[in-house]
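**Q** Chains A and B, in that order, are what the protein sequence lines are. Residue 1 is where the first sequence starts when you use our numbering, and the numbers rise one by one after that. Residue 1 is where the second sequence starts when you use our numbering, and the numbers rise one by one after that.
Simulated from the structure, these hints should not be mistaken for laboratory data. Source: prediction; values computed, not measured. Do not take every clue at face value.
[Unchecked claim] Here are a few chain A residues that face chain B, going by a calculated C-beta distance under 8 angstroms: (1) Phe-44; (2) Val-132; (3) Gly-135.
The beta carbon of each residue, even a glycine, is placed where N, CA and C say it ideally should be.
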Amino acid sequence: MSRASLFVPLGVFVLIVAIGYAGFSLNDPHELPSALLGDPFPEFRAPRLGAPGETVERSDLIGEPVLVNVWATWCPTCKAEHDELLRIRETTGLRIVGVNYKDDPAAAQDWLRRYGNPYDLVIEDRDGSLGVELGVYGAPESFLLDRAGTVVYKRVGEINTRVWRDELGPLVARFEDG
Amino acid sequence: MTTRARRGRRGRAGAMAWLAALVLLGLGGPASAGSPVDLYAFETAEQEVRYRTLIAELRCPKCLNTNLAGSDAPIAADLRRTVHRLITEEEMSDAEIRSYLQARYGDFVLYDPPFRPDTWILWLGPLVFLLLGALVLWRMLRQPPREPLSAAEADRLRTMLDDR
């Protein structure tokens, strides 16, 4: 046995560590890639929050790029991202549609009155069935739709200034031009 | 009645009690191990069996390693309700239900990654390691047995060991 071959186990060990390091730092295992990316936003019909008798459907989301934001009053991170949504709405004029996910409509309206309302309209999803259509597994989650209603971006977790600057903002600019 | 017969009877009763306790523990264990209970009605027993099989097989998207049946996350409850609806109302087949959920939540829910370029290493990795192991084993077996120590070497070894 040559002396060099003594280093084979060390080499194998280093290789395993390197693969493990790369593999575990690649992505957050809690974050699932959206199956919806590149697909048309699903058909739906759901009540509109604060407007008894009115319903919202897919065609209400078509025409201009729109950010569909899944939120709830029971979700602390939604509170954290709320100011950023207000800022985006005010400074860029991007249309934002809310999906009030598994929530109490009265509490939701109260929340919007108290903290401000960045949403053009809010869809009520009390039992989470629209959430299942969208592959939502937590809140907040956000989808960016292009003019034709195709999902071009999905974000699980909060939208903050950094996310807007690095990911969402540039995408919105591209789809508003094109 | 002789003492011996009485003892025998008591022994049998004791054994029965133990058996009953074991049965109760055995049956009570899995059901009470924190699994949520939903009350759903089914038209046929076959539907219920399919429901149970599917929720045991599908993975909860919010959890890293829990199936729909075992999770009390709200999203798992929603998906159990969805599976129930797809079985009883939409009358979908098992394969249709799997692809329905896969279309919305991705491969993650299936616990069974498809064979694709980005999953080759996952599927073929173990095979590669098996082949590597076989190669190492083959080389070890092929090596000629070592020659026994000569008389002089044996002497040296003995003095080295004695010196310690």
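**Q** Hint by hint, note whether the structure agrees.
**A** Verification of the hints:
Violation of the interface hint for A:Phe-44 is found here, the shortest Cβ-Cβ separation to chain B being roughly 13 angstroms, above the 8 angstroms cut-off. A least Cβ separation of about 5 angstroms between A:Val-132 and chain B falls short of the 8 angstroms threshold, and the interface hint therefore holds. A hinted interface residue such as A:Gly-135 counts as satisfied when its beta carbon comes closer than 8 angstroms to some beta carbon of chain B; here the least separation is about 4 angstroms, so the hint holds.
Violated hint for the displayed structure: number 1, the only one.
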